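Asker: Chains as they are written, first to last, in my numbering: chain A, 17 to 445; chain B, -3 to 278.
Derived by calculation from the structure, the hints in this document are not laboratory data. Hints are all accurate, no fakes.
Here are some chain A residues the structure puts well away from chain B; computed CB gaps all over 12 Å:
#1 K227
#2 N250
#3 R301
#4 A350
#5 I367
#6 F420
#7 L434
Simulated crosslink set (SDA-like; lysine to any residue; CA at most 25 Å straight-line):
#8 A:K119 - B:K272
#9 A:K159 - A:G126
#10 B:K272 - A:L132
#11 A:K335 - A:D368
The model shown is predicted, which means the values in this text are computed figures rather than measured ones. All C-beta atoms, glycine included, are put in the ideal place defined by N, C-alpha and C.
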Amino acid sequence: MSDIAIRTEGASKLYRIGPRERYKTLRESLAGALRVPLRTVRPAMLGKLHEMDGEHSDDNVIWALKDVSFEVKRGEVVGIIGRNGAGKSTLLKILSRITEPTKGYAEIFGRVGSLLEVGTGFHPELTGRENIYLNGAILGMKKAEIKHKFDEIVAFAEVDRFIDTPVKHYSSGMQMRLAFAVAAHLEPEILLIDEVLAVGDAAFQKKCVGKVGAVAKQGRTVLFISHNMAAISNLCPQAIMLDRGQVVAQGDSARVIASYVRSIEPEALTDLSVRKDRRGRGRVRISKLCFEDENGSPLQEGISGDSLVVVLEYQSSAKEPLRNCRVSVAFYDALWQFLFNCSTELTNPEIDSLAPQGRVRCIVPRLPLCQGRYFISPFLEVNREVEDWIQGAATVDVVDGDFFGSGKVYPWHGKGVLVPHHWLVDKPE
Amino acid sequence: MSGVLSGPAETSKIIVRPSRGWVALKLRDLWEYRELLYFLVWRDIKVRYKQTVLGAVWAIIQPFFTMIVFSVFLGHLAKVPSDGLPYPVFAYCALLPWQLFAHALAESGNSLVANQHLITKVYFPRLIIPLSAVLAGLADFGFAFLVLLGMIFYYGIVPGAALIALPLLIMFAILTALAVGLWLSALNVQYRDVRYTIPFLVQFWLFATPVAYPSSLIPESWRALYGVNPMAGVVEGFRWSLLGTGKQPGSLFVVSVLVSVILLGGGLYYFRRVEKTFADVV
Chain A
17 MSDIAIRTEG ASKLYRIGPR ERYKTLRESL AGALRVPLRT VRPAMLGKLH
67 EMDGEHSDDN VIWALKDVSF EVKRGEVVGI IGRNGAGKST LLKILSRITE
117 PTKGYAEIFG RVGSLLEVGT GFHPELTGRE NIYLNGAILG MKKAEIKHKF
167 DEIVAFAEVD RFIDTPVKHY SSGMQMRLAF AVAAHLEPEI LLIDEVLAVG
217 DAAFQKKCVG KVGAVAKQGR TVLFISHNMA AISNLCPQAI MLDRGQVVAQ
267 GDSARVIASY VRSIEPEALT DLSVRKDRRG RGRVRISKLC FEDENGSPLQ
317 EGISGDSLVV VLEYQSSAKE PLRNCRVSVA FYDALWQFLF NCSTELTNPE
367 IDSLAPQGRV RCIVPRLPLC QGRYFISPFL EVNREVEDWI QGAATVDVVD
417 GDFFGSGKVY PWHGKGVLVP HHWLVDKPE
Chain B
-3 MSGVLSGPAE TSKIIVRPSR GWVALKLRDL WEYRELLYFL VWRDIKVRYK
47 QTVLGAVWAI IQPFFTMIVF SVFLGHLAKV PSDGLPYPVF AYCALLPWQL
97 FAHALAESGN SLVANQHLIT KVYFPRLIIP LSAVLAGLAD FGFAFLVLLG
147 MIFYYGIVPG AALIALPLLI MFAILTALAV GLWLSALNVQ YRDVRYTIPF
197 LVQFWLFATP VAYPSSLIPE SWRALYGVNP MAGVVEGFRW SLLGTGKQPG
247 SLFVVSVLVS VILLGGGLYY FRRVEKTFAD VV
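Isolated chain B, as found in the complex (with noise of 0.2 Å):
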């Protein structure tokens, strides 16, 4: 299937029929709607923060007061390690991650259903709308991250050569989430109860994730079968990145990666296979 809105020069044609089997990703088709994709994430930052008080505060707000009790009770009270970091920053900087994949399970799991009033009326790659779901955490993310970089400084932390990754952990930490959105998109489209378990989801993988103690409490032996859930790796290379702690996340991370690409993809082809559906059950 050939891009709808090429050149008006050239005749683009287009053939409709079932599609069967293998089916292609039609990440050109994807490309084709680039502005569209950009004017819905848009759409979502800015309807967000429209009539709160507080607008775009809130992005700080609630990663902030996550560290705050977390730092109180966790790091304080109950005395739990963090790699030799102060506890605050060592919390914080794993929120970030966490809430953009917190954030994006949340908004993506119920996107389709949320837009069904496009799907059913107009064409545009159907992948566009969990996408767009998961970038519009981005703006949060870059507020919640200023206030990151004020920590650091503040503890007089050296992040070192390791920050030069950080682009790419931040891209691995959307994929994760888009992985997960995917999945839970298109379910979701089908069997209603998806939305149900998504809080759920979502507050037993916090536990299960390295936010409020570090991974090496893990037994070594056991720590890269930790890196089964993605965001251990995604967490742990934020705090290598940022924080200067020196030590590799290791076989940890890479298992994450791996995890990670193989739900992608696996979430890109269930929801490819399904999209077609979409207008018929939405």
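With the rest of the complex left out, here is chain A (with noise of 0.2 Å):
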């Protein structure tokens, strides 16, 4: 028996993308066959999309991923890093067997079990019981096994009260603990994670990461995606890089985390118009964003303790001003961890309308953050549906500066927040 839990060799998904290419009509497979008798249709409809390569330019195809080989030991935890389109999702997919890989192979060694979405299968009619059971059973647990852990996945959940009424009736929190809940009792070989804990507050997720630590405490073999690169660093010795369909680093996490956070900030610094790992309706667009003092000159990078002005430009077809708004712009670490958010719900609830077109300025008036650098992600939100928010539109370099007052500066260059304090001390007589 090899030690080996997962190998793959030379994985390749080549996707066609394009308007109009992800189903077609039977009349446009018709007018094709007949202009090509044969050949265009019947790969259309066997699926083989290499067999067409030749017809159509390089344009209209994407490898998704591309010759991907690496192998994981049984009882490792290794994350998978890397941005948006890198290739991440797909890796996973192909190893939970949802797609085909369009070239090379993969061998699994175990018990598979795969998480790309929490509460996949969760029907709104039926009751947190009924959807435990059938969650479970679409994750791949036995009846038995469900039944068996019923009682701790109800308690896990925190739902007891309400295991007998539709999910539809739940709050979106109460859905997500159950959902997490049947999820965390599927206990596999092999467990594949995907972005799960990107959703849900942050008592939530620290419980999923909580989780995720127990389980690779248990000698199983994880394959864990995130974007939370300090959740990486936590729970995965090793980690793998991707990058436009490549494997680009591979190993020590640290090591691999460290090239992931110097490839990434060339994107953030892009004009915002062409980003589209955006999420959110889009009707209304964050279209710059840029620092500015108090006086209204631009700012390169900020200073610890003086003020940061952070000013969002805006852009939407709307005639009439927007109603019931929210702005708020979130700071993180270089490790993507999370630091605060200034919001104007929290600081300025009469600010419930905008102009349909405009700026808004959150201002910083001591800048609480310490030498090094930091992601921007804005967000906004009219009417409480979420128009856009893009993770990390901008990074800000910080340096050093008097926050204190004292003259001194905070030593630990990169880490923690500084916070405003005085001390009062007994006295020496």
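Make one complex out of these two single chains by using the hints.
Answerer: This is the structure in structure tokens:
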């Protein structure tokens, strides 16, 4: 028996892209068949994308994964990192057999459980009890196994009073807890997890990270995708970094994370209008994020203890003022650890309508950041619907300043935030 | 590809690679996932009648009222022959497998698209999805069947020895429905037009099936050809088994079974060939 849990050899996945390539109408296939009898329609019907290479220019295809080869030993916990679109999710989809590789192969030794989403297959009309069984079966658990763990799952989710209520009456937090509770009790030999931790509130995320840590300690093999570098460095001794579908770094996670942090900085500085990795409905778009000082002069970097004004410009095609608005900017450190969030909701609840186009300014009077590089994620909500949310829309470099007004600088660069404080002591006689 | 969920003691090995040429049907994989099939069927049945006032009574209302309309307009006014049987029970007995078939067509055709959130997030044999859509129709069939038993009793019909063939005939109805369902569900992932053709197809197919009229209206020499519609064989088989007509369906039935087997084999093959792209295309 080998001690390998997962081995991939040249795994590659080709996707066709373009606006009308997702699915087609019969008419298009028939028309294509008339033009090029059999040659077009047959591969399309059989889904053999690679056979169509010759007929489509390279603009229409994208290698989501290209020649990915690696080995994961039994019991290893490996983080997979990379930018959006680097191929992380495609890799997990291939390993969990949701989609086939176009070329290459993967061998997996052991029972696989994949958690690409929390609550897959939840049905709003069914009760909590019924959904536990359904969701458990979908994740690959046996009925007897679910029955055995049922009480534990309910206790973990803290929903015992509502267990026979349809989940459509649950709050979103309760649904999330129930869904995660089911997933957390899946006990495969190999666990594949994708971004599950990106949802939910901070307490919930902590619970999830704790659970992944516990699974890892039991000697299971875990492959873990996350954007949270702190979680990766805490949980995974090993990491693999993907970029444009290829493995670019692999090994000790501290080293891989360091090269990832170096590589993402350029993208974070790109023009916001070309950023595609944004969430929200998009009827209002944040078009620019820049920094000023209190007098409105542009700033290239922040200074600890000085004021920093984050300026957001936004655009929309609306003619009317935007109602029920909420704007926030969240700050993260270089490892993507969340630091703090500045939100109109907290400080200026009276701001509830905005001009359809314009600027908003967030003034941080004494910047509580020490020397280092930080990521900023702006968020804009109208009428309780997220319109735009760009993770890491900008980076800001902060340099030492006289935050404490004592002439002393905070010596632990890149670690923690600065808190105004003072001391009172008993003076010697 | 071996089963993922084999016992914890043995370590299974899974190989993920592009599949080419003739693909194995992986029926063993399907067996491994039988509990998921059970839960999906159970979900479909449960969800269908939640929040309806009449619940499962709907399963009876539909064939029963169709039977009344047929009896009044076709049986009574148009004097459509019914092979010497009372027209209401003649029509109702055919409506049962027909409803199972029509339901399966409507549900399985769109089933993969309706369950795309599962297909893109978890692995399981995709065959389970259209299969569960077809099997969920059995609950309705069961309720409506009770009414048929009542009618058989009311009209004093004695089924006879052919009754033992009934389980096989129900299986035949399910497999025929599955055969067409597989084609439609897989085609609908690639070509969304299919969804719009299904209501039309069901209507057209009803006229081509001897539900409201007996197949004996078809000239003897053409009857075997008529069996190319496998539902003709299913419907006549049901009447033969349950209503004790004593007339064996003959060549029509044999042709129907053959066509059904070919459709099913082709459907399974086509489904398996395109299955691997569902998660990318859907």
